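Asks: I would like the entire structure built from these sequences, with the hints used as guidance.
Chains as they are written, first to last, in the working numbering: chain A, 1 to 135; chain B, 1 to 135; chain C, 1 to 135; chain D, 1 to 135; chain E, 1 to 135; chain F, 1 to 135.
Wrong hints could be hidden among the right ones.
Straight line, CA to CA, 25 Å or less: simulated DSS-like cross-link-like pairs of lysine-lysine [said to hold, decoys possible]: (1) C/Lys40 <-> B/Lys64; (2) D/Lys40 <-> E/Lys22; (3) D/Lys133 <-> D/Lys24.
Quick look at which bits of chain F chain A covers, simulated, 3 or more residues with Cβ under 8 Å [what the hints assert, rightly or not]: (4) 25-36; (5) 79-92; (6) 121-131.
Calculated from the structure, these hints are not laboratory results. As the structure is a prediction and not an experimental result, all values here were calculated from the model. A virtual CB, placed ideally from N, CA and C, is assigned to each residue, including glycine.
There are 6 protein chains.
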Amino acid sequence: MYFGYIDRSCYLNLNFITVSNKIKEFRDYRSMMNDRILAKDNLVIKRLFNLDTNTYMDGALTIKTKEMLGLVASMVLRCDDCVKYHLEKCHENQVTTDEVMEVFAVANIVGGTIVIPHTRRALEYWEELLVFKEL
Amino acid sequence: MYFGYIDRSCYLNLNFITVSNKIKEFRDYRSMMNDRILAKDNLVIKRLFNLDTNTYMDGALTIKTKEMLGLVASMVLRCDDCVKYHLEKCHENQVTTDEVMEVFAVANIVGGTIVIPHTRRALEYWEELLVFKEL
Amino acid sequence: MYFGYIDRSCYLNLNFITVSNKIKEFRDYRSMMNDRILAKDNLVIKRLFNLDTNTYMDGALTIKTKEMLGLVASMVLRCDDCVKYHLEKCHENQVTTDEVMEVFAVANIVGGTIVIPHTRRALEYWEELLVFKEL
Amino acid sequence: MYFGYIDRSCYLNLNFITVSNKIKEFRDYRSMMNDRILAKDNLVIKRLFNLDTNTYMDGALTIKTKEMLGLVASMVLRCDDCVKYHLEKCHENQVTTDEVMEVFAVANIVGGTIVIPHTRRALEYWEELLVFKEL
Amino acid sequence: MYFGYIDRSCYLNLNFITVSNKIKEFRDYRSMMNDRILAKDNLVIKRLFNLDTNTYMDGALTIKTKEMLGLVASMVLRCDDCVKYHLEKCHENQVTTDEVMEVFAVANIVGGTIVIPHTRRALEYWEELLVFKEL
Amino acid sequence: MYFGYIDRSCYLNLNFITVSNKIKEFRDYRSMMNDRILAKDNLVIKRLFNLDTNTYMDGALTIKTKEMLGLVASMVLRCDDCVKYHLEKCHENQVTTDEVMEVFAVANIVGGTIVIPHTRRALEYWEELLVFKEL
Numbered sequence: 001m002y003f004g005y006i007d008r009s010c011y012l013n014l015n016f017i018t019v020s021n022k023i024k025e026f027r028d029y030r031s032m033m034n035d036r037i038l039a040k041d042n043l044v045i046k047r048l049f050n051l052d053t054n055t056y057m058d059g060a061l062t063i064k065t066k067e068m069l070g071l072v073a074s075m076v077l078r079c080d081d082c083v084k085y086h087l088e089k090c091h092e093n094q095v096t097t098d099e100v101m102e103v104f105a106v107a108n109i110v111g112g113t114i115v116i117p118h119t120r121r122a123l124e125y126w127e128e129l130l131v132f133k134e135l
Numbered sequence: 001m002y003f004g005y006i007d008r009s010c011y012l013n014l015n016f017i018t019v020s021n022k023i024k025e026f027r028d029y030r031s032m033m034n035d036r037i038l039a040k041d042n043l044v045i046k047r048l049f050n051l052d053t054n055t056y057m058d059g060a061l062t063i064k065t066k067e068m069l070g071l072v073a074s075m076v077l078r079c080d081d082c083v084k085y086h087l088e089k090c091h092e093n094q095v096t097t098d099e100v101m102e103v104f105a106v107a108n109i110v111g112g113t114i115v116i117p118h119t120r121r122a123l124e125y126w127e128e129l130l131v132f133k134e135l
Numbered sequence: 001m002y003f004g005y006i007d008r009s010c011y012l013n014l015n016f017i018t019v020s021n022k023i024k025e026f027r028d029y030r031s032m033m034n035d036r037i038l039a040k041d042n043l044v045i046k047r048l049f050n051l052d053t054n055t056y057m058d059g060a061l062t063i064k065t066k067e068m069l070g071l072v073a074s075m076v077l078r079c080d081d082c083v084k085y086h087l088e089k090c091h092e093n094q095v096t097t098d099e100v101m102e103v104f105a106v107a108n109i110v111g112g113t114i115v116i117p118h119t120r121r122a123l124e125y126w127e128e129l130l131v132f133k134e135l
Numbered sequence: 001m002y003f004g005y006i007d008r009s010c011y012l013n014l015n016f017i018t019v020s021n022k023i024k025e026f027r028d029y030r031s032m033m034n035d036r037i038l039a040k041d042n043l044v045i046k047r048l049f050n051l052d053t054n055t056y057m058d059g060a061l062t063i064k065t066k067e068m069l070g071l072v073a074s075m076v077l078r079c080d081d082c083v084k085y086h087l088e089k090c091h092e093n094q095v096t097t098d099e100v101m102e103v104f105a106v107a108n109i110v111g112g113t114i115v116i117p118h119t120r121r122a123l124e125y126w127e128e129l130l131v132f133k134e135l
Numbered sequence: 001m002y003f004g005y006i007d008r009s010c011y012l013n014l015n016f017i018t019v020s021n022k023i024k025e026f027r028d029y030r031s032m033m034n035d036r037i038l039a040k041d042n043l044v045i046k047r048l049f050n051l052d053t054n055t056y057m058d059g060a061l062t063i064k065t066k067e068m069l070g071l072v073a074s075m076v077l078r079c080d081d082c083v084k085y086h087l088e089k090c091h092e093n094q095v096t097t098d099e100v101m102e103v104f105a106v107a108n109i110v111g112g113t114i115v116i117p118h119t120r121r122a123l124e125y126w127e128e129l130l131v132f133k134e135l
Numbered sequence: 001m002y003f004g005y006i007d008r009s010c011y012l013n014l015n016f017i018t019v020s021n022k023i024k025e026f027r028d029y030r031s032m033m034n035d036r037i038l039a040k041d042n043l044v045i046k047r048l049f050n051l052d053t054n055t056y057m058d059g060a061l062t063i064k065t066k067e068m069l070g071l072v073a074s075m076v077l078r079c080d081d082c083v084k085y086h087l088e089k090c091h092e093n094q095v096t097t098d099e100v101m102e103v104f105a106v107a108n109i110v111g112g113t114i115v116i117p118h119t120r121r122a123l124e125y126w127e128e129l130l131v132f133k134e135l
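Replies: Next comes the structure, spelled out in structure tokens:
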């Protein structure tokens with residue numbers, strides 16, 4: 001694994017807490033606000049949340065493929081939080097870094113250079129997920 | 001009113017300053033930068049700012065309805081600052097939380113799950129406006 | 001009602017068949033393709049169609065208000081077919097031309113001049129709905 | 001295969017020429033205008049066209065997966081011509097109708113109901129590709 | 001000038017009426033519907049139309065530069081009618097074909113391959129404007 | 001130069017480090033993550049990065065004009081990081097504040113009031129570039 005100009009052991013020593021914090025922060029905020037949204041008991045929104053979960057279940061296509069579809073769609077629509085979510089799911093479903101990079105490539109070609117800043121943040125999050133897994 | 005897993009009195013005690021700060025920060029930055037933009041004396045931009053204000057005035061539709069239209073448009077276009085602004089105006093014009101949730105529902109159905117992260121931030125801001133009002 | 005430079009009786013005489021055909025064509029294609037989509041039995045899509053219908057039902061907000069929300073959201077997202085659909089529903093729910101114009105105004109201010117071409121097509125369809133109703 | 005309310009043999013007898021014409025028309029216009037664009041000798045555009053082709057080549061992900069990624073990205077960005085192109089490539093790469101429907105499902109959930117009109121046109125084109133193949 | 005596979009004299013003989021019709025059709029519909037919109041007397045929309053005209057007037061930047069800015073903005077936002085309008089203005093303001101192609105190149109790189117179908121239609125319209133001028 | 005309600009000398013005294021830090025932070029993150037992206041050796045992405053650089057080179061249009069085209073395209077697509085990048089390039093290529101304001105005006109008229117929050121951040125960054133240059 002490559003961490004820019006930073007030697008790896010150093011990176012882990014200095015930044016380990018930050019790394020896991022970044023992932024934790026995203027997950028905590030997401031889950032806290034989802035709870036607060038669902039607590040409002042709006043039927044349409046509750047059913048949409050439900051449907052969202054069902055969309056990525058195993059079917060004619062595998063979960064892995066569907067999560068990559070969700071990832072590329074989130075990237076071209078430039079939704080950083082959606083990208084993070086699907087990166088987590090891709091990671092859980094054994095998508096490799098080379099595969100993620102090819103999803104990024106499709107997103108950047110279809111959506112243009114405005115997707116590049118999102119690709120920067122996406123790769124950063126992806127590499128944090130990799131570090132997190134290995135520990 | 002519901003604040004996730006946090007007991008209300010505790011929330012108020014611990015977070016009151018943060019709560020008003022968040023709203024204050026948005027308003028201060030918005031108004032400071034609007035002043036700096038207008039100071040540049042670009043006629044087109046000045047007139048657009050003016051026109052923007054006129055758009056939400058009482059007419060065939062009430063201000064309340066127009067602010068909800070502005071809110072849903074801002075949500076599907078995924079402009080967090082615009083959402084905050086229209087939430088403030090909805091709040092001033094007696095839109096209830098149930099009504100806001102139905103505006104969110106339309107936005108999420110029309111615009112899809114990429115609107116969800118904006119809904120999280122929107123509900124958070126809305127609930128801060130409610131706390132702020134009650135104090 | 002105003003039809004540009006065309007005298008009304010003349011408009012009706014010359015164009016009546018075209019007018020109703022335009023509305024009919026939109027409805028027929030929409031309903032034929034919806035049937036073909038639903039016939040594929042994809043559970044997620046079937047439930048989304050269902051949920052879409054529920055979104056615009058009476059609740060904290062009236063159907064009329066919700067249809068105007070759907071209309072403005074469709075306009076800023078520049079989906080002509082969605083605009084037509086919500087114009088039909090607005091028309092069924094007694095939205096007046098002045099009210100429709102104020103929805104258009106919000107859409108054009110929030111979404112910019114790229115919304116103008118969609119406003120042209122929207123007004124054309126709206127006026128056909130008005131003629132159609134009166135006959 | 002299902003063709004709405006139209007009996008299949010009848011569909012083929014009556015509409016065969018239309019069917020192949022629709023596909024032919026898209027391909028002919030696309031290829032004629034691509035030629036005219038490339039004839040202008042703008043280096044950036046020529047290299048982008050080239051790069052576009054390379055994006056969907058076999059790599060860590062299969063062509064089939066990449067074409068589905070291209071399809072879902074085109075759908076959420078609501079580019080009908082891009083959708084048609086990727087449907088052709090999906091069809092060439094043995095994507096089944098059930099798989100295509102699951103790609104459509106992801107696109108509709110992520111991108112919302114504004115994707116539905118594009119789904120109608122996409123399914124229509126897909127079914128023409130199927131008829132075309134079988135003949 | 002290059003017309004794909006079609007010999008020029010032949011193109012002019014066969015298609016001259018079509019060529020001018022295409023431009024005429026766009027202009028006529030645009031101007032008819034603008035009149036019908038303005039006749040509704042919605043103040044916000046009337047002032048926005050006005051402001052739109054003022055935006056492209058001579059200032060710190062020339063009209064020519066501003067029209068190219070309007071063109072690239074319309075292309076990345078994928079508004080074919082806006083593209084046609086700014087192509088006409090670019091043409092009136094002596095933008096050359098090489099310059100137009102460089103505007104297209106920026107649009108395609110920033111906005112990605114979903115801009116390509118709009119580039120096809122844009123170049124077609126541009127070349128019709130060139131033929132129209134020369135006659 | 002105008003800095004809202006803050007007297008200039010005071011601004012420089014108190015905020016000089018922040019000012020340069022903001023620009024430095026953007027540049028550092030951008031260049032660090034670009035390096036990490038390129039290190040993944042995805043050919044399509046590497047060539048797209050390359051092509052992106054070539055797009056803004058001198059040609060039929062000057063670099064200055066092309067950078068303004070890139071700026072307006074980034075603004076209407078509402079990509080803050082892309083806006084910052086093109087503001088830096090505009091600044092390097094002697095675009096004046098009045099010219100930048102006219103680019104902003106086109107962006108706000110074409111893209112609507114959802115562009116305003118991006119205009120706020122853009123002007124803030126632009127004025128930091130001006131301060132930075134003068135020191």
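Asks: Compare the structure with each hint and give your call.
Replies: Results of checking the hints against the structure:
Annotation: proposed proximity of C/Lys40 to B/Lys64 is violated, straight-line Cα distance about 42 Å (limit 25 Å). The suggested pairing of D/Lys40 with E/Lys22 holds, with an alpha-carbon distance near 22 Å, which does not exceed 25 Å. At most 25 Å may separate the alpha-carbon atoms for a hinted pair to count; D/Lys133 and D/Lys24 meet this at roughly 13 Å. With 7 residues having a Cβ less than 8 Å from any Cβ of chain A, the region 25-36 of chain F passes the three-residue criterion, so the hint holds.
Residues of the region 79-92 of chain F with a Cβ under 8 Å from some Cβ of chain A number 4, which satisfies the need for three, so the listed coverage holds. With a threshold of 8 Å between beta carbons, the proposed coverage of the region 121-131 of chain F by chain A is violated, since 0 of its residues qualify and at least three are required.
In terms of the numbered hints stated before, the structure departs from hints 1, 6, listed from lowest to highest.
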